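S.K.: If you read the sequences in order, they're chains H and U.
Going letter by letter, the first sequence gives residues 18 to 207 in my numbering.
Going letter by letter, the second sequence gives residues 18 to 207 in my numbering.
Mixed in with the good hints there might be a few duds.
[To be verified] Lysine to aspartate or glutamate pairs mimicking EDC-like chemistry, simulated, CA-CA at most 20 Å apart:
no., chain 1, residue 1, chain 2, residue 2
1, H, Lys180, H, Asp193
2, U, Lys68, U, Asp98
3, U, Lys180, H, Glu157
4, H, Lys138, U, Asp148
5, H, Lys180, U, Asp39
6, H, Lys31, H, Asp67
7, U, Lys138, H, Glu130
[Unchecked claim] To be clear about the criterion: a stretch of chain H counts as covered by chain U if any three or more of its residues have a C-beta under 8 Å from a C-beta of chain U, and this derived list gives those stretches:
no., region
8, 133-144
9, 154-168
[To be verified] Partial chain H-side listing against chain U, Cβ under 10 Å, derived:
no., residue
10, Glu92
11, Pro129
12, Thr173
13, Ser194
14, Ile202
Rather than coming from a laboratory, the hints here were simulated on the basis of the structure.
Fair warning: this is a prediction, and the values are worked out from it, not measured in the lab.
Glycine is no exception: its CB is placed at the ideal position from the N, C-alpha and C atoms.
Number of protein chains: 2
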Amino acid sequence: MPRWDADAEGRLLKAAMELFVDRGYDQVTVAEIAERAGLKKRSFFRYFADKREVLFGGAAAFEQTVVTGVLQAPEAIQPLDAVVTSLAAAGAELTSWGEPVRLRQQVIASSPELRERELIKLASLTAQVADALTRRGVEELTASLTAQAGMAAFTTAFELWAKSADAPNFHELIHDSLTRLRAAIGRRDE
Amino acid sequence: MPRWDADAEGRLLKAAMELFVDRGYDQVTVAEIAERAGLKKRSFFRYFADKREVLFGGAAAFEQTVVTGVLQAPEAIQPLDAVVTSLAAAGAELTSWGEPVRLRQQVIASSPELRERELIKLASLTAQVADALTRRGVEELTASLTAQAGMAAFTTAFELWAKSADAPNFHELIHDSLTRLRAAIGRRDE
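Please build the complete structure, drawing on both the sequences and the hints.
M.R.: Here's what the structure looks like:
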């Protein structure tokens with residue numbers, strides 16, 4: 018993708034998130050997003066099918082990145098480590114977009130309908146990760162539980178990251194979450 | 018509740034699930050459910066506000082049971098054990114309804130819209146469990162991760178139970194799932 022293309026998409030994302038946060042997702046039009054980004058309305062549709070896709074259009078590519086990462090992890094790696102390593106890499110890439118991604122979380126949190134949509138996307142990702150593990154030979158129930166554990170670490174890390182512009186890098190956050198999860202699950206009758 | 022009342026509700030539940038499975042949720046009317054249960058349509062509305070409530074009407078009471086269980090667990094119990102013990106008790110009660118609850122899972126699985134609704138109810142339950150843990154003094158992130166781990170064990174156990182009329186009892190299933198989750202999460206670089 019030529020550099021100017023990436024910039025246009027980035028400008029649209031940033032403009033959209035700022036408008037959504039300022040005025041509420043429902044109140045903002047595609048024309049306004051394009052205008053704030055210094056582009057024609059037509060250009061918006063080169064990148065996004067509609068307004069909702071500004072928020073959720075990246076989900077399929079993110080899912081693909083995570084699944085590929087799980088499938089391509091070295092065979093010797095434990096299933097949960099394959100999942101967390103893949104989610105860490107994809108999360109690091111996602112969070113490298115910075116402020117628009119943080120604003121996106123605010124927008125999602127502001128609307129029950131958007132929260133539901135996000136929940137469904139996350140459930141789909143969890144199911145795809147579990148499926149990738151079974152294709153690596155992991156038994157079905159263990160694959161599902163492992164995917165859910167990895168996703169719990171991921172969403173916890175992501176929420177922490179989104180809360181603060183000074184957050185540690187994503188790799189650090191997800192490994193901290195995983196350590197915390199292990200502690201919560203591992204201890205018994207201490 | 019007088020016994021005949023409980024029977025009427027049970028008959029409505031059973032009739033509804035059978036019709037939903039046979040003909041598809043969207044095709045079934047409240048009048049047909051009542052008729053199959055040998056009741057008047059008016060009687061249906063004594064128990065359920067609408068057709069969807071046959072599937073989701075129990076969610077609030079279930080959530081309340083689980084939250085109360087977590088809050089009332091002895092102080093010495095580890096957070097995850099408090100969660101799993103409470104979910105095990107509530108799940109055992111739920112699964113004691115037997116076949117209509119199994120059929121309900123089939124109905125939910127048959128419709129993307131119903132699956133989404135179920136997902137949202139489960140997310141709400143997870144958030145409530147996490148909140149109950151924080152009220153017991155568990156730190157917020159650990160509470161969220163613990164709730165998610167407990168719910169992963171619960172949903173896995175529940176799916177196993179729903180799949181087979183010969184399934185072991187729910188307590189056994191959830192503790193097996195938990196053991197499996199611990200194994201998946203605990204092992205590293207073996």
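S.K.: Hint by hint, say whether it matches the structure.
M.R.: Cross-check of the supplied hints:
A distance of roughly 16 Å separates the Cα atoms of Lys180 of chain H and Asp193 of chain H; the hinted pair therefore holds under the 20 Å criterion. Distance check on the hinted pair: Lys68 of chain U and Asp98 of chain U sit about 36 Å apart at the alpha-carbon level, beyond 20 Å; violated. Restraint check for Lys180 of chain U and Glu157 of chain H: the C-alpha separation of about 14 Å stays at or below 20 Å, so the hint holds. A distance of roughly 24 Å separates the Cα atoms of Lys138 of chain H and Asp148 of chain U; the hinted pair therefore is violated under the 20 Å criterion.
For the proposed pair Lys180 of chain H and Asp39 of chain U, the alpha carbon gap of about 48 Å is over 20 Å, so the pair is violated. Restraint check for Lys31 of chain H and Asp67 of chain H: satisfied, since their Cα atoms lie roughly 16 Å apart, inside the 20 Å limit. The straight-line distance between the Cα atoms of Lys138 of chain U and Glu130 of chain H is roughly 14 Å, inside the 20 Å bound, and the hint therefore holds. Residue count for the region 133-144 of chain H with a Cβ under 8 Å from a Cβ of chain U: 4. That meets the three needed, and the coverage hint holds.
Using a Cβ-Cβ cut-off of 8 Å, 7 residues of the region 154-168 of chain H lie near chain U, which meets the minimum of three, so the contact claim holds. Proximity of Glu92 of chain H to chain U is violated relative to the hint, the smallest CB-CB distance being about 14 Å (cut-off 10 Å). The criterion of a C-beta within 10 Å of any C-beta in chain U is met by Pro129 of chain H, whose closest approach is roughly 9 Å, and the hint holds. Satisfaction of the interface hint for Thr173 of chain H is found here, the shortest Cβ-Cβ separation to chain U being roughly 6 Å, below the 10 Å cut-off.
Satisfaction of the interface hint for Ser194 of chain H is found here, the shortest Cβ-Cβ separation to chain U being roughly 7 Å, below the 10 Å cut-off. Hint status for Ile202 of chain H relative to chain U: holds, with the closest Cβ pair at about 5 Å, below 10 Å.
Of the numbered hints given earlier, the model fails hints 2, 4, 5 and 10; all others are met.
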